[in-house]
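There are 2 protein chains.
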Amino acid sequence: MEIVPYLALASALAGLGLAGYFFGLVKKESPGDERMVFLMTEIQNGAKAFLKQEYTWVSAFALVMLVLIAIVITPLASIAYLLGAVLSALAGYIGMTVATMANARTTEAAKQGPAKALPVAFRGGAVMGFAVAGLALAGLMLVYIVFVTIMEHEKAFEIVTAYGLGASTIALFSRVGGGIYTKAADVGADLVGKVEAGIPEDDPRNPATIADNVGDNVGDVAGMGADLFESYAGSIIAPISLVAFALALSADDLADNATSLLMFPMAIAFVGMIASIIGSFLVKGGDSTDSKALSKALHMGTNVAMAITIVATIGIAFWLFGGDDSFDAPIGLAISVIGGLIIGWALGKTAEYYTSDHFAPVKKIAAQTETGPATTILSGISAGMVSVAASVVLVLIGIGIAFWGGEMAFESIAGTSENAALTGGIYGIAVAAIGMLATTGVVVSVDAYGPIADNAGGIAEMAELDPSVREVTDALDSLGNTTAAIAKGFAVGSAALTALALFKSFELAILKERPGNPLSLDIGDVDVFIGLFLGAALPFLFAALTIDAVGRAAYEMIEEVRRQFREIPGLREGKPGVNPDSARCVAISTKASLKEMIIPGALAVVVPLVVGFIDVDTLGGLLAGSLVTGFALAIFMSNAGGAWDNAKKYIEAGAHGGKGSDNHKAAVVGDTVGDPFKDTSGPAMNILLKVMTIVSLVFASAFV
Amino acid sequence: MEIVPYLALASALAGLGLAGYFFGLVKKESPGDERMVFLMTEIQNGAKAFLKQEYTWVSAFALVMLVLIAIVITPLASIAYLLGAVLSALAGYIGMTVATMANARTTEAAKQGPAKALPVAFRGGAVMGFAVAGLALAGLMLVYIVFVTIMEHEKAFEIVTAYGLGASTIALFSRVGGGIYTKAADVGADLVGKVEAGIPEDDPRNPATIADNVGDNVGDVAGMGADLFESYAGSIIAPISLVAFALALSADDLADNATSLLMFPMAIAFVGMIASIIGSFLVKGGDSTDSKALSKALHMGTNVAMAITIVATIGIAFWLFGGDDSFDAPIGLAISVIGGLIIGWALGKTAEYYTSDHFAPVKKIAAQTETGPATTILSGISAGMVSVAASVVLVLIGIGIAFWGGEMAFESIAGTSENAALTGGIYGIAVAAIGMLATTGVVVSVDAYGPIADNAGGIAEMAELDPSVREVTDALDSLGNTTAAIAKGFAVGSAALTALALFKSFELAILKERPGNPLSLDIGDVDVFIGLFLGAALPFLFAALTIDAVGRAAYEMIEEVRRQFREIPGLREGKPGVNPDSARCVAISTKASLKEMIIPGALAVVVPLVVGFIDVDTLGGLLAGSLVTGFALAIFMSNAGGAWDNAKKYIEAGAHGGKGSDNHKAAVVGDTVGDPFKDTSGPAMNILLKVMTIVSLVFASAFV
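Quick mapping for you: the protein sequence lines, in order, are chains A and B. Per the working numbering, the first sequence starts with residue 4, numbered consecutively. Per the working numbering, the second sequence starts with residue 4, numbered consecutively.
Among the clues, some could well be false.
You can't tell identical chains apart in this list, so a pair holds if it fits in one copy or across any two.
Straight-line alpha carbon distances no greater than 27 Å define the calculated DSS-like cross-link-like pairs of lysine-lysine that follow [as the list claims (entries may be wrong)]: (1) K668 <-> K295; (2) K352 <-> K598; (3) K366 <-> K598; (4) K367 <-> K668; (5) K652 <-> K30; (6) K55 <-> K287; (7) K197 <-> K367; (8) K598 <-> K367; (9) K668 <-> K652; (10) K367 <-> K594; (11) K299 <-> K515; (12) K299 <-> K662; (13) K366 <-> K352; (14) K51 <-> K287; (15) K594 <-> K51; (16) K662 <-> K158; (17) K197 <-> K295; (18) K31 <-> K652; (19) K114 <-> K652; (20) K299 <-> K366; (21) K594 <-> K197; (22) K30 <-> K578; (23) K367 <-> K662; (24) K55 <-> K299; (25) K594 <-> K158.
These are calculated hints, taken from the structure and not from any lab test.
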């Protein structure tokens with residue numbers, strides 16, 4: 004049984020091998036003519052410059068954490084922290100490098116139709132997907148094998164958790180910094196280019212076009228990659244650390260099954276990785292640009308990978324827990340994992356329902372543009388808020404199912420003691436999150452495909468290729484918008500479940516440090532209640548800070564684009580040989596977004612530390628308050644933003660007067676409001692919740 | 004000491020007498036020429052028709068509650084419930100009747116300048132203020148005297164609480180229904196009149212103008228009155244019911260001071276009423292339209308009343324609790340009350356900072372109109388969200404101070420048992436809410452003054468009076484916008500404190516019914532956590548429902564106004580003798596808003612009942628989750644809405660291009676988005692929280 008971490012490590016290395024193989028395939032493709040290579044290189048250099056500077060800034064922050072962790076826990080935990088941070092950064096860097104190589108190659112391949120272009124874009128995404136999943140799992144298994152299996156270090160599980168914190172740090176800053184960058188550039192390019200100068204999107208005359216394309220890569224590729232790296236690692240760490248703390252507190256109940264319980268999450272990660280690798284070979288493009296056929300081709304990989312994971316999970320559960328006469332344990336845990344997977348899928352579908360123009364909510368928003376921007380905004384806000392209720396109900400059903408499955412399993416394993424039942428329930432919730440994320444490799448591949456297709460279209464436009472090429476890339480791009488929904492559902496759902504499981508681990512960690520004096524989490528206690536209240540306010544502050552940051556960064560961008568149109572003769576008219584100073588726009592967006600990233604990023608780490616050292620019960624309340632309110636706010640912002648975006652696209656496709664009409668203008672207002680909602684504040688919120696919980700968990704022993 | 008309820012009753016009757024006296028003064032004033040009387044009567048009839056139908060609808064709902072209460076508690080509680088509901092409705096009706104009488108009279112008086120007009124408007128408001136405070140207190144004291152003092156009924160305190168629930172029912176539906184009405188009419192009048200037909204606000208040609216003015220009365224007067232009636236009654240009931248439950252559970256600790264603890268809240272209400280009466284005589288207008296002088300005149304009454312209340316509270320505390328050697332008890336409780344008053348004031352100032360055009364946030368929103376409606380919306384959302392953090396921190400400071408004061412007092416009274424200390428802390432929080440609301444009489448007077456001045460301006464415009472009259476009414480009106488901030492701060496702050504105290508009473512009520520088996524409020528328990536999560540989602544759903552309701556009701560209004568402009572010849576051109584069919588607009592707004600009120604209103608009552616009967620621990624989590632998230636959302640929506648409103652007014656006053664500029668158009672978009680935020684969803688949210696808690700409290704015994 005102890006072979007599981009080695010198996011998982013091997014599967015992770017296989018995933019990395021696959022990433023290398025796909026990298027070779029992508030590289031072999033032609034990047035097109037000189038102009039296309041030039042554009043690709045510009046985007047690539049801009050993105051690399053951003054990442055380099057971002058990582059420099061984050062290093063300073065990580066250094067402080069490193070020292071703190073070394074003092075408070077053990078220097079070995081610092082090493083794990085560093086490994087988590089470095090691997091996450093590396094995954095982002097690799098993914099982004101390949102994405103910025105794959106864009107022009109997809110454009111070039113699009114000249115020969117979708118059957119040729121789809122696999123290029125998907126493989127570009129798959130390098131990212133398997134770099135993320137492979138590095139996250141390999142690093143984590145390495146830490147586990149060295150500190151738990153080999154060294155049997157007394158603080159082994161704190162060290163494992165520190166690995167997660169390293170990943171979380173990078174994820175938080177990548178999401179916030181990348182999110183600010185991408186939206187500042189987007190808003191700057193749109194407001195001055197499209198609205199003021201009246202030139203189309205991705206026009207080479209617009210100085211912010213390159214920055215806008217860079218933004219797609221640093222936000223949607225590198226940011227998303229770091230996010231999923233963190234979510235994936237976190238979902239495996241949560242049940243492991245829960246079991247470790249439970250064992251430390253009452254070893255007797257669980258002793259017989261201790262190893263199985265520790266191995267189960269890693270075993271699921273192992274089968275998920277293998278399933279993802281198999282699935283990724285099944286994505287093949289057809290000859291038609293018909294969206295259904297393309298969608299089927301792209302989804303084939305994910306669907307097969309999930310089916311394999313479901314079947315294999317049942318096998319794993321019986322292998323690890325099938326020794327008893329009763330089959331309650333394997334059945335219960337399989338229910339938890341599969342329940343999580345299904346709920347994650349349902350969450351993605353819910354997000355799709357509220358944000359896709361095939362359904363009523365977006366159609367209603369589009370109809371509301373008839374009465375102007377105000378009603379457009381109101382209907383989007385309302386749709387986003389209703390989607391909160393729907394998503395929360397789903398998550399709660401997921402929590403209920405997973406809890407019930409886990410409880411059933413633990414009653415069979417550890418008897419009917421109340422403590423065992425409760426731990427079992429939370430363990431069920433934790434492994435449900437893995438159910439959602441086991442196939443991260445292929446899910447992220449599909450997700451990273453989106454910005455590559457988007458960029459490919461941008462390059463087609465900027466290189467002034469034949470419109471038929473743009474048609475193909477547009478078909479690929481529109482597909483990317485809907486596929487992202489599934490990944491989002493998994494990311495969001497797993498965030499809630501993982502945060503809840505980590506929260507419980509935090510409770511156990513405090514109890515371990517303070518035997519007989521458990522954390523008070525009674526809402527009726529005034530210190531807990533104060534924490535709860537403060538926790539509910541925090542996500543609002545975080546959202547406001549990130550929205551403002553986008554506003555300020557966009558403002559600097561707008562000023563620069565205006566200046567260039569004013570001062571560079573012939574630019575606006577498109578005189579041959581006159582080029583905008585794109586590099587300056589890239590530099591401005593980089594500097595502004597990194598400056599703006601610091602305060603909201605630091606908030607997530609500083610607040611729990613300060614509150615924890617003052618009163619640890621208040622911290623418990625704060626984490627719970629932030630979790631429930633932050634989750635609701637994140638769903639609201641993501642879905643409202645997505646709905647406005649697609650309402651605009653729906654109108655651009657010809658509904659309600661189409662492009663250029665007053666209705667379209669109203670829809671553009673909605674889309675612009677939604678931009679920081681869905682691409683900055685919303686996605687960063689999920690990481691905020693986990694960072695706060697994991698910081699509390701890592702520093703639990705220092706608080707008491 | 005037992006004389007306190009009688010004193011409070013007497014002071015309430017004195018307040019009612021004062022309302023009658025002011026009513027006489029207002030009535031004596033001339034309502035102006037025939038045209039003005041016609042307009043006034045139209046508004047009056049529209050408002051009365053709405054209230055009549057609203058109360059009919061609510062009666063059906065109240066009847067169901069009545070039967071439920073009679074079965075579950077005792078028929079006597081139904082009587083108290085009915086009394087609370089009827090008196091609250093009566094206060095709203097009286098206030099609205101006088102407000103719609105005072106509007107034309109203020110216009111007429113404005114012909115002679117502000118010194119004449121200010122007192123008319125204020126006295127009109129004061130009838131409302133003292134009707135609300137007087138009826139609420141008189142009814143409550145009557146219930147207390149009959150059931151507690153005289154009958155010593157075994158369920159006396161449940162009966163007292165039922166009175167509060169009656170008031171809450173009316174408040175909820177008045178806020179929701181009135182809020183939908185006023186915004187549907189406002190948006191309808193603005194969108195078609197101002198934007199499409201290009202005629203100014205309050206133009207007599209606009210068929211929705213009367214409905215818009217009716218809306219000001221049913222929303223801002225009757226709705227606000229019912230809201231304050233409920234808040235005021237609730238703030239007195241909360242500490243009384245807390246003490247009653249604490250006594251029932253462990254009488255020994257508190258026996259010596261039981262009566263004092265029950266009397267203290269009523270005694271503060273008594274001195275607050277007397278102070279309000281004194282203060283109301285000090286409001287006198289000066290000769291200038293200078294806003295500072297007017298503001299000073301209007302605020303004089305409130306400031307004096309508060310100063311008296313503070314001093315008298317200290318006296319009362321020493322009278323009731325000064326018997327011991329230690330002065331910890333009176334000092335501690337005085338700290339709680341005065342702390343509450345100061346925090347309420349600070350909350351009002353915070354709201355003012357974020358919503359008044361004298362400060363940075365609104366100026367920034369106005370500046371953001373330069374880059375269009377999207378940035379206007381984003382900066383308003385951000386300002387509203389930052390104000391959440393500021394307000395929550397203030398409330399938590401208030402909770403901390405009040406808790407500390409109450410704890411100190413109870414340690415002196417009841418010894419150092421942990422239970423006594425905790426109850427003491429919550430008692431401190433409960434009486435802090437009374438500190439905020441003791442001067443309700445004069446505070447509501449100032450608040451109700453606002454819509455009267457607003458309507459007076461409308462009548463001046465519609466009756467086509469000399470522009471100098473409009474100038475005076477505009478000066479009075481702009482004052483009303485800022486004065487409302489204080490009342491809002493009190494209403495919002497007291498909502499949080501009262502809900503928290505009622506929540507604790509709910510906990511004690513469950514313990515009383517289920518001795519030895521207290522409510523589990525441990526966030527770590529999965530059923531509590533599920534409740535917490537569900538509770539966090541509920542306010543989002545409520546906000547979405549109310550926003551949508553306004554949208555749908557406004558849509559019907561827009562269609563009707565368009566129809567009239569299309570079908571009534573000469574209306575748009577202002578042909579003499581051609582009048583719009585205002586009555587039809589009023590009827591449409593009435594019907595639509597009442598229909599839309601039902602679902603969000605019922606939600607507040609049905610959800611806690613359903614959840615409570617399933618799992619009472621989950622209900623505890625749900626109440627806590629709704630309280631913290633709903634509070635945050637309410638502050639966000641109210642302040643963002645207020646900020647947009649005043650950013651628009653700031654531009655209309657000449658900044659950033661002034662009226663008619665593109666910036667102004669962007670500001671109007673912000674204002675329109677903010678309308679349902681600040682006048683429908685936001686204010687109703689506060690009542691939602693209390694209704695849910697008080698429903699749970701009343702039905703606590705039935706749940707277990």
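Results of checking the hints against the structure:
no. : hint          : verdict
1   : K668 <-> K295 : neither (30 Å within a copy, 42 Å between copies)
2   : K352 <-> K598 : neither (36 Å within a copy, 32 Å between copies)
3   : K366 <-> K598 : between (38 Å within a copy, 24 Å between copies)
4   : K367 <-> K668 : both (16 Å within a copy, 23 Å between copies)
5   : K652 <-> K30  : neither (32 Å within a copy, 59 Å between copies)
6   : K55 <-> K287  : neither (34 Å within a copy, 67 Å between copies)
7   : K197 <-> K367 : both (25 Å within a copy, 25 Å between copies)
8   : K598 <-> K367 : between (38 Å within a copy, 21 Å between copies)
9   : K668 <-> K652 : both (12 Å within a copy, 24 Å between copies)
10  : K367 <-> K594 : between (39 Å within a copy, 23 Å between copies)
11  : K299 <-> K515 : neither (50 Å within a copy, 60 Å between copies)
12  : K299 <-> K662 : neither (29 Å within a copy, 54 Å between copies)
13  : K366 <-> K352 : within (17 Å within a copy, 41 Å between copies)
14  : K51 <-> K287  : neither (30 Å within a copy, 69 Å between copies)
15  : K594 <-> K51  : within (14 Å within a copy, 60 Å between copies)
16  : K662 <-> K158 : neither (61 Å within a copy, 67 Å between copies)
17  : K197 <-> K295 : neither (31 Å within a copy, 46 Å between copies)
18  : K31 <-> K652  : neither (34 Å within a copy, 62 Å between copies)
19  : K114 <-> K652 : within (24 Å within a copy, 55 Å between copies)
20  : K299 <-> K366 : within (24 Å within a copy, 51 Å between copies)
21  : K594 <-> K197 : within (24 Å within a copy, 44 Å between copies)
22  : K30 <-> K578  : neither (34 Å within a copy, 76 Å between copies)
23  : K367 <-> K662 : within (18 Å within a copy, 31 Å between copies)
24  : K55 <-> K299  : neither (37 Å within a copy, 58 Å between copies)
25  : K594 <-> K158 : neither (40 Å within a copy, 67 Å between copies)
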